[in-house]
Amino acid sequence: MGEYAITVKDMTKRYRKKGQPAIDDLTLSLHSNQIIGLIGTNGSGKTTFMKICAGELSAAGELSVLGGDVTRNMGIRTEVLYSTYALPLENYKVSRIVNIYDTAYPNFDREFADKLLKLFQIPDREAKGLSQGTKSMLFLICALAARAKVTMLDEPFIGIDIKKRKRAYEILLRDYMEYPRTFLISSHNLKELEHLLSEMVLIEDGKLIFYKDMDEVRQMLFRADGANEAVGMYLDRQDVIYHSFGELGSFLIARGNMDCPMAKELKREGLKISNVSPEDAVVYLTANREEDLECLWEN
Amino acid sequence: MSMGELVLNNNVKPKKKDMEAFWENVIRLYKVNLQLRKKLVIYTVIAGIVLSFLSCIFWILSSKDIYSADGFPNVGGVVIFIAILAIVCTEQNIFDNDEISMLPGNVASRVLSRIMCDLSMIIQAAICDAAIHLASLIICFVLKNLGVVNIAAIMFDWKGFLCKLVYAAALCVAVYMLFAIIYGLLARFGIIRVLIVTGVLIVTVSIYVSANTSRVKAILSDISGFLSKIGAYNNILLVLAVIIVMSAFVWLISKSVHEWKKEDKRYIIVGLLIAYYIIIPVTLFLYWFPAITDDMYDGSGYTLEKDIKEGKVLYKDDIISVGKVSAAELNKSYTNTKQIGGETLEDMGMSIYFCEYNDAKRGGLIPADTILADGQMYIRTIASNEKYNDKYIYQNFIDSVKFTIDNGEYNLSYDKKIVLVDNYMGIFDIIVMGDDQPYFSYDLSGYSTTYIVYRANDIKDKDNLMDIGGDLRMYLP
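Residue numbers (this note's numbering), protein chains in the order written: chain A, 1 to 299; chain B, 1 to 477.
FYI, nobody ran anything at the bench for these hints, they're computed from the structure.
Predicted, not measured: the structure shown is a model, and the values here were computed from it.
A few of these clues could be false.
[What the hints assert, rightly or not] Straight-line C-alpha distance at most 35 Å; calculated DSBU-like pairs for lysine-lysine:
1. B:17 with A:9
2. B:159 with B:39
3. B:159 with B:391
4. B:38 with A:128
5. B:39 with A:115
6. A:115 with A:191
7. B:39 with A:164
8. A:115 with B:31
Kindly produce the complete structure, drawing on both the sequences and the hints.
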């Protein structure tokens, strides 16, 4: 495998000819053998991007998965897996679904799948009769056992309780260490997932906001808390991406880590500087500004 | 790093390695499809077996009642019919096959694997069907040997049986393809549009036909004339015409689906057409190597003697002495329900004619040099000379026919034995049954006739003779 598992260039996908693009001129190269988080708000294009990379959807632009054309080369296609919490196989029994994955993916580890089914106590019933959490777990188990070189998991943990979720994270990480491969995971629960991820892609409205190593993401933004006047003085700075004024205090969010010149300057001015977690970073980088919400309560 | 074109790049031919991977993927998805449809297969086979054996048991039970017995226990076609029904009812997603859309594959491999799966289901159903039919055949042999049912002969032809099996499977494929195209059109254009266009077409054609009835009739007549002129091969031409129309539809559908790549379209079209074109050789084979040989006898009484000389019809002649004949007694015998099992001879489908001696000779019903002495009757029974595997189907019937007079009543009787001709799926073969007394299965209608020729001088009550015109003067009660 090369340096990159997935490379896209100028990728654009529209579901309707003149509609808003779901993916808008996206150019990106995802490293091989990493656990990458694909983060974005609802409708930001995460699922579309994954489906295109899995060869399920066509799009304009260039795409290379594992160094080839996933839409044409079936050898590559069998090394790419796309899974989500709800798949159109719910009318079948669990054992049948596992058999289907076993047949479809050449590297499927049946023994591993059976062990996980037992571990998570998934009954051999029709999937539609299972709870959402159990269904999500079932499809996650199938996806892990497939041992595809590029495994794309779209919201794989939905409905799973915290105990099983934590165990699933451990298993995913351990299996990744045993069989290094590329994981692309989209999830809304970045707080829990961030310790699992080595890299993160943030997209919004089909456009790339950033693709960074998790350590970089953690150092990407800083927060400065202080009095209204103190904070207000820095709002015209280019690196400030968000601010909030409250009765008890105000804060701003700016680009850079806690050791960057601006952070040091603010610290000198008496503002309290702190790190912005990756989850908060996503919120600040994609959220509406506070004043945008004000219109909701205007008469 | 080389970058694969995501947009359609139709000039790039897939590498051989890619082709191998493609077919490997098709096989994998085919296996997946088999797993997905396992339940459907099991239900179909169980339903088919149950229905077939119920039908077989019903036949065995009804065979004891000689008046309601049918021909060969026709259990053929049940499984394959249920299978095609089940497949067609679940075929609507053939072009997207969304159940496996998240598994490795593309449109072409998904559609091809689905077609392969459906075709293999049809083949499985055909094999199951054949097994059931053969089982019923074995039951018939056992019943024959045990004497439970009076069976004179069981006529079975392996070649014809296999041909019909393949033909039935091919017809199922044709039905399958037809529905694939309908579902394709619905998927592409939506049910509303398809219904509107179909409605508009029907209305337009109706208006045209009602405004030009004579012209349409003339065109249909020309077509019909053309088809009858080319004889037995018209079915093949019809099949060919349907194939061409369907091919055009498949092409149009594939052209209109923009998501499909050129290679995908090619695979799909080739797959669909290969599945469809297998009908042609099978159809031809059935026409060229039929189990039943010779056309059914459809001569008239006027050419009978000539047809007998030319070997076009099976016949048996008897001359019996009866003394003076009563037209009223003949009439009575003809309508006597006691002798004929509760039905009139007309209901039985056997044609019986009472003819005057001189008229019969003039009309070529009996040899011109026939001499009947006083009080004698000439009984001539004819049947079709169709052969099944070079054996006359009606030979047993002809051999066993007897005309007797008991206590002044005229009886036409036969042995009580059934001749079973394999009628698997009812394709191209006929059901034959000759059994008890002057009673025949309706299937003998038109193929068997008994002429009872009497001398006018022997008729006691001549007033009952009826002139039906022409050369023949027949008494038709």
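Hints, one by one, checked against the model:
At most 35 Å may separate the alpha-carbon atoms for a hinted pair to count; residue 17 of chain B and residue 9 of chain A meet this at roughly 26 Å. Straight-line distance between C-alpha atoms of residue 159 of chain B and residue 39 of chain B comes to about 33 Å, which keeps the hinted pair within the 35 Å bound. Of the supplied pair hints, the one linking residue 159 of chain B and residue 391 of chain B holds, its CA atoms being roughly 15 Å apart against a limit of 35 Å. Between residue 38 of chain B and residue 128 of chain A the CA atoms are separated by roughly 18 Å; this keeps the pair inside 35 Å, and the hint holds.
About 26 Å separates the Cα atoms of residue 39 of chain B and residue 115 of chain A, which keeps this hinted pair within 35 Å; it holds. Our distance criterion of 35 Å between C-alpha atoms is met by residue 115 of chain A and residue 191 of chain A, whose separation comes to about 28 Å. Distance check on the hinted pair: residue 39 of chain B and residue 164 of chain A sit about 33 Å apart at the alpha-carbon level, within 35 Å; holds. Straight-line distance between C-alpha atoms of residue 115 of chain A and residue 31 of chain B comes to about 24 Å, which keeps the hinted pair within the 35 Å bound.
Of the hints listed earlier, there is not a single one the structure fails to meet.
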